[in-house]
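Q: Top line first, the protein sequences correspond to chains A and B. Just so you know, the first sequence maps onto residues 1 to 307 in the numbering used here. Just so you know, the second sequence maps onto residues 1 to 204 in the numbering used here.
Treat the hints with caution; some may be incorrect.
Stated by the list, open to error - With a straight-line Cα cutoff of 16 Å, these simulated EDC-like cross-link-like pairs (lysine to aspartate or glutamate) come out:
hint: 1; chain 1: A; residue 1: Lys186; chain 2: A; residue 2: Glu154
hint: 2; chain 1: A; residue 1: Lys305; chain 2: A; residue 2: Glu200
hint: 3; chain 1: A; residue 1: Lys88; chain 2: A; residue 2: Glu191
hint: 4; chain 1: A; residue 1: Lys284; chain 2: A; residue 2: Glu180
hint: 5; chain 1: A; residue 1: Lys179; chain 2: B; residue 2: Asp95
hint: 6; chain 1: A; residue 1: Lys156; chain 2: B; residue 2: Asp103
What the hints assert, rightly or not - Sample of chain B residues with no beta-carbon within 12 Å of chain A, all distances over it, derived:
hint: 7; residue: His70
hint: 8; residue: Ser141
hint: 9; residue: Leu197
In case anyone wonders, no lab produced these hints; they're calculated from the structure. Every residue, glycine too, gets a C-beta built ideally from N, C-alpha and C.
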Amino acid sequence: MIIRSVIFGVLISVGLAAVCSAQDSRNLLESKESLYNNIYVYEQPPYRSMTFGHNRRIYTESMYNTGDDKDLPVEYTRFMTASLMYAKDVHAILEIGFGGGRTSWYLHRFLPNVPVTSVELDPTVLELAKKYFGIRDEANFQVVNRDGRIFLTESKEHYDVILIDAYRGPFVPFHLLTKEFYQIVKDHLAEGGVVAQNVEPSTMLFDSAVKTINAVFPNIDFYRADGNIVTVAYSGPPRDAEDLAAVARERDRTFGLRYTLQEMLTQRRHIQIEGGKVIDANAKVLTDDFAPVEALKSIERHNRKLP
Amino acid sequence: MIAVSRTLSFTIYGCAFMVGGVLMGFEMLGSRYLFPYFGGGIGTWASLISTVLCALAIGYFAGSAIVNRHPSQRTIAVSILVAAAYLAFVPASADAVMSDILDRFGDGPSATLLASTALLLVPLTLLGTFSPIAVSILTRSADEAGRIAGLVYGVSTVGNVIGTLVTTFTLIPTIGSRAITYYFALTLACCAGILFLPTGGKNS
Numbered sequence: 001m002i003i004r005s006v007i008f009g010v011l012i013s014v015g016l017a018a019v020c021s022a023q024d025s026r027n028l029l030e031s032k033e034s035l036y037n038n039i040y041v042y043e044q045p046p047y048r049s050m051t052f053g054h055n056r057r058i059y060t061e062s063m064y065n066t067g068d069d070k071d072l073p074v075e076y077t078r079f080m081t082a083s084l085m086y087a088k089d090v091h092a093i094l095e096i097g098f099g100g101g102r103t104s105w106y107l108h109r110f111l112p113n114v115p116v117t118s119v120e121l122d123p124t125v126l127e128l129a130k131k132y133f134g135i136r137d138e139a140n141f142q143v144v145n146r147d148g149r150i151f152l153t154e155s156k157e158h159y160d161v162i163l164i165d166a167y168r169g170p171f172v173p174f175h176l177l178t179k180e181f182y183q184i185v186k187d188h189l190a191e192g193g194v195v196a197q198n199v200e201p202s203t204m205l206f207d208s209a210v211k212t213i214n215a216v217f218p219n220i221d222f223y224r225a226d227g228n229i230v231t232v233a234y235s236g237p238p239r240d241a242e243d244l245a246a247v248a249r250e251r252d253r254t255f256g257l258r259y260t261l262q263e264m265l266t267q268r269r270h271i272q273i274e275g276g277k278v279i280d281a282n283a284k285v286l287t288d289d290f291a292p293v294e295a296l297k298s299i300e301r302h303n304r305k306l307p
Numbered sequence: 001m002i003a004v005s006r007t008l009s010f011t012i013y014g015c016a017f018m019v020g021g022v023l024m025g026f027e028m029l030g031s032r033y034l035f036p037y038f039g040g041g042i043g044t045w046a047s048l049i050s051t052v053l054c055a056l057a058i059g060y061f062a063g064s065a066i067v068n069r070h071p072s073q074r075t076i077a078v079s080i081l082v083a084a085a086y087l088a089f090v091p092a093s094a095d096a097v098m099s100d101i102l103d104r105f106g107d108g109p110s111a112t113l114l115a116s117t118a119l120l121l122v123p124l125t126l127l128g129t130f131s132p133i134a135v136s137i138l139t140r141s142a143d144e145a146g147r148i149a150g151l152v153y154g155v156s157t158v159g160n161v162i163g164t165l166v167t168t169f170t171l172i173p174t175i176g177s178r179a180i181t182y183y184f185a186l187t188l189a190c191c192a193g194i195l196f197l198p199t200g201g202k203n204s
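Could you put together the complete structure from these sequences and hints?
A: Structure (structure tokens):
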């Protein structure tokens, strides 16, 4: 997950400030080399951040407000929860790509009776999330150390909401972006279930990802947050705004959500996928057979403004 | 002693290059076959790499044993042809085999090793027999053995490098993994075909 967020900007300015004052106010709590990444946990009270990578190529994975357990400082993670107003029921939630675990913890705190399961590939990320990001073992909150696709392939459960946020720094695991993968995701959705995914929109990988999701789910809504886009995809007939607003109103009240669904609904966007105006007409659906994610990621998007 | 004909050495070095290219190219492709089932972590890579090296070790040993009996062009041509046939069966059968392994053995080290073994061991072992036999065919006297061994392995390793890079940066981004596998099978079949042709000056 590449977050070019406000927070990232804050970190850069902190870095600049550090150069000026020759004193870094951002304190490195721990750095650890895992099987998959170099992971750094920084603190700049009251925030803690988990970043991957080296030197200038740093990608903030997660942000935690130590003074406020229910805060979601990274904007796009709030929009991941917009999926709550689409699901027919909310009986079970799955997250693929745990990171610092703040999104699933937020959901757990506001929906304590709904089982939230998170899948994270990197055991060191899990360890650091528990150590520094306020993640605790609690009823209805489960974290599994597993590859997301393997977990789903083997799982017999069904979920009302599936959140996918499995990018690791600059690397995109191709097997979590193919038509076959989304088919597995669809097979594990309960009736009226919904999939939310964080997609970085500056490269041609975005166009292919949207087409791939669309190859399995006929409806996709878009939410823009900082440099990221959250897609909410679902099967069945398209949902109209009034219908969503009614659900949003009811669930805002029932769960007492801090980032209200009603407010997020005002940010809902629709993108014309066919026609080639926004999404490149030549963008191909990614499959297990053909998924050149690295190559697509190296091509910048041009001339196709997102609404 | 009869000098090795130009045609023969050109054929052998050419095939050493192509076989080397397909060998590493297929290892890179192996990742595309395995990742959807076993994840894309360092464990999967370790399984792929160790399986390839195992296959080469077995292939070298087998090749050196064959050298003592009948180190002919025909022998390596048959090995390469069988490897080509194996590759040709991979695209249609890989998914069934991979999901069966995942069902039975999970996704741990034994499963990824088994999967990469099923995918790579047979064809790469067969290709591994190429170099020792090629050295034996090209060598006419004991004092040129080292020079020829160096040349054969050098050419084959350059093929490895080209195969790795072209597969990763050109083929995978432009055509699908299954199609690449068929092209590799075809390339090997062509090498085998050329080796079956009589080139003369085989034995001293």
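Q: Now tell me, hint by hint, if it's right for this structure.
A: Structure-based check of each hint:
The suggested pairing of Lys186(A) with Glu154(A) holds, with an alpha-carbon distance near 14 Å, which does not exceed 16 Å. For the suggested pair Lys305(A) and Glu200(A), the alpha carbons sit about 14 Å apart, so the restraint of at most 16 Å is met. For the given pair, Lys88(A) sits about 7 Å from Glu191(A) by alpha-carbon distance, which is consistent with the 16 Å threshold. In summary, the hint linking Lys284(A) to Glu180(A) is supported, as the alpha carbons are separated by about 14 Å, within the 16 Å threshold.
Of the pairs offered as hints, the one joining Lys179(A) and Asp95(B) holds, with about 15 Å between alpha carbons and a cut-off of 16 Å not exceeded. As the CA atoms of Lys156(A) and Asp103(B) are separated by approximately 13 Å, the hinted pair is consistent with the 16 Å bound. Even its closest Cβ contact with chain A, about 40 Å, leaves His70(B) beyond 12 Å, as expected for a residue assigned away from the interface. Residue placement check: Ser141(B) keeps its beta carbon more than 12 Å from all beta carbons of chain A (closest about 49 Å).
Against chain A, the non-interface label of Leu197(B) holds: every CB pair exceeds 12 Å, the least being about 35 Å.
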